[in-house]
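Please arrange chain X on chain D, whose structure you already have, making use of the hints.
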Amino acid sequence: MNHLRDVFITGVGAHLPGAPIPNDQMEDHLGRVCGRDSLLGRRALRWNGVKTRHYAIDAEGQAFDSNAGMCAKAVRAALDDAGLESLDYLASATTQGDWLVPGHGVSVHGELGCGPLEVASFQSVCGSSLMAAKAAWLNVRAGEHEVAAACAGEFSSRWFQPAFYEGTSLVDAKGRLAAEADYLRFTLSDGAGAVLMEPKARPDGLSLKIDFIDVVSLAGSFEPCMWAGAPSASRSDPMTTWSHAGPVAAHAQGAVALLQDFELLKRVIRAWVGVYLKKVDQGRIEPAAIDHLLCHYSAESLREELMGLLEATAGMIPREKWFSNLPTVGNVGAASIWVMLEAFLRDGRLKRGQRVLCVVPESGRSLVGFMMLEAV
Amino acid sequence: MDMTPTQSATAVSDVLRRLTVVFTDFEQRLSATPLIRRLTRGRFTDADYRAFLIGLRQQVKDGALWMSRAASNINDDQLELRSKLMRHAVTEHRDFRLLEANYVAVGGALAEIRDAEKNIGSEALSAWMFHEASKPDPYGLLGAMWIIEGLGNIKAGEWGRLVQQRLDLPDEAVSFLLYHGENDAEHMAEFEQMLGLVLPDEAVARRIVRTAEVTARLYALQIEEMTA
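First to last, the protein sequences are chains D and X.
Using this note's numbering, read the first sequence as starting at 1 and increasing by one per residue.
Using this note's numbering, read the second sequence as starting at 1 and increasing by one per residue.
Looking at chain D on its own, in the form it has when it is part of the complex (with noise of 0.2 Å):
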C-alpha cells in the first residue's frame, strides 16, 4: 500500500474564446478608458511581442463566456483527447475565479455538470496551474484516484472594462491611465487549458510521463509585484486591503485593479534565474539532458544581460530548443502553460524518450514553478 505509482498525462485540452483578436482591435473588446486611446499600449505589445489573442468578450463589451465555463470546455477537451468519458478528481487554478465566493474548483464542476467528484482550488496567478498539477499528480500517484484534471482558466478581459479604472486614482485628470495598469490590459487576456493524469500512460500515440513538479515561492523575500486588492502604495500591509475599506472606497482608490511594479519586476526576474540555477547546481535539472522548454514567458522581453547570465553560467537552453505559442495566443495567465502544451503536442516535434521542461514563472509576489515530463 506504500508503493507510489508513475503518474502519465493522457490527455491535453485547451478552449481560446472567439475568433484571434488582432492588436489594432483589442481595445474594441477591452473599450477605452475614458473615452481616449491608451498610451502605453503600443509599447506593451512591442515588449511581449505578443499579435493576436482571444477574449470572452466580444467588440460590443459583452460576455459571451465564463471563466468556468471555458474550464469545463477545456476538461472535456481533455477527455476527448485522451479517449475517456469521466473523471474522479478535479484541481482548478485561476487568478481570479467568476465568483469571489466559493472557490473556482466548484465552478468548475458545476458547470461540467456531472456526477459528485473531490474538486481542490488553487488561486494565485500563473504558478497556480503547477500547483492544481502537483495536486493531481500526487493523488493519482498515491492511488486515491484513477483519473485526475488540473484545470487553469483566466478571464483577464473582464477586469480590463473602463468601469474598472474611471473615477478612481488610477486615471489622472487628463483621463490618462497609470502605467502600472494600463501595462496588463495589453498583456494578459482569456482562455483555459486542462490536463488529465492517469497512472498508466495511453494505449496509442505519446503520454507525458511526470518526473517531477517543484513549486518555489519567495514570498518572504518579496513585496507583491502583480496583484488587486490594494492600492500600490500600501499593498504590502495585510490589514489595508480592499476589504478593510470598503467596495466603494476601495474601487476610488484604485484597489480593484490588477497592477503590476516593473521596478521590482527586475528583482523578481533574477529571483527566478537564482531559483532555477540552484535546481541545475543540484542537479536536478540538467541543462544539456532537456530536449524541450516550455517557459511561460514572454521571449521578447527576456533581457540581453538575462541570456548572457544564463549563458555565462552553463544554464542555457539553447534557443532552438523553447516552444513558445505565446505571439498567436497572448499571455493567458495560468491557463498559458497547458495551451502551450497542446499546442507543442500538435505540432509533432516531441519524440519518444525525449525529456520536456516547463517552466511556470509568477510575478505575483515572486513564484516560480517546474515540471519535468518525459515521452512515453
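Simulated from the structure, these hints should not be mistaken for lab results.
Incorrect hints may appear among the rest.
[Claimed, not checked] Distance condition first, Cα-Cα at most 30 Å in a straight line; then the derived DSSO-like pairs of lysine-lysine:
no.	chain 1	residue 1	chain 2	residue 2
1	X	155	D	278
2	D	351	D	200
3	X	155	D	279
4	D	321	D	278
5	D	266	D	321
6	D	266	X	155
7	D	200	D	279
Here is chain X on its own, set in the frame of chain D:
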C-alpha cells in the same frame, strides 16, 4: 596544469553559477533588512539615507585597501591577476569622498560621517576582508569581489533611484549610488577572465564560493546594523 580550454570554460561557468545562486540569496536577505524594507515600502527618511551613507563609507574606504593588500600577496605566477587587482584598487580608492559629498548634500556635517564609528557588521566585514587578503595567494577574494561588484552593478542604481524618488533629491545627493549603478556588461566579461586565470582548481573554486557566502552574510549584517 594541462587543461583543455573546455575544462577551463566549464570550471568557470560552474563557479559563476554557484556565485549567482549566492548572489540571489544575498539579494533576498538584503531586501528583508529593516533599512531596505523601509526604502522599498516607501517609509525611508533623510535620516535613514544619512545612516546608509555612513555605513557604506566604511566598507567603500576599506575596499581599495584590502584589494591592494590582496594584490601584494599574489605570487609571481599570477602577475596578470595582480595587475587587475591593483588597477581596480586605483579606480576605486577615492570613491568614499563621493559618499561624503552626498552626505553633506543631504544636510549632514562632514565631520559626522568622517568620525562615525563602524557598525558591528562593518567591523566584522572589514576584519574578514583584511584577514583573507593577508593570506598568500588569496584567490578566494574573487568571491568577495563578485558580491561587492554585484551590489555596485545591480543594487546601487536601483537603490539610488528609489532614494532619489522617495526623498526628492537632486542627482548630486545620490551620485555615489547612481554612478555605481551604471550597468557595465564589461564587468562580467572581466570577472570571467579573472576566474579563468585561477581555474580549473577545485580547492580554489570551493574557496571562491565560500568567500562569497561569508562576505554576503557579513555585508547583510552591516546593512542590518544600519539604523537611523
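Checked hints:
1. Between residue 155 of chain X and residue 278 of chain D the CA atoms are separated by roughly 21 Å; this keeps the pair inside 30 Å, and the hint holds.
2. With a C-alpha separation of about 18 Å, the suggested pairing of residue 351 of chain D with residue 200 of chain D holds against the 30 Å cut-off.
3. At roughly 24 Å between alpha-carbon atoms, residue 155 of chain X and residue 279 of chain D fall within 30 Å of each other, so this suggested pair holds.
4. For the hint linking residue 321 of chain D to residue 278 of chain D, the alpha-carbon distance of about 21 Å falls within 30 Å, and the restraint holds.
5. Pair hint residue 266 of chain D plus residue 321 of chain D holds up; C-alpha atoms about 25 Å apart against a cutoff of 30 Å.
6. The hinted pair formed by residue 266 of chain D and residue 155 of chain X meets the criterion: a straight-line CA distance of about 11 Å does not exceed 30 Å.
7. Proposed proximity of residue 200 of chain D and residue 279 of chain D is supported: the alpha carbons are some 28 Å apart, at most 30 Å.
The structure shown violates none of the earlier numbered hints.
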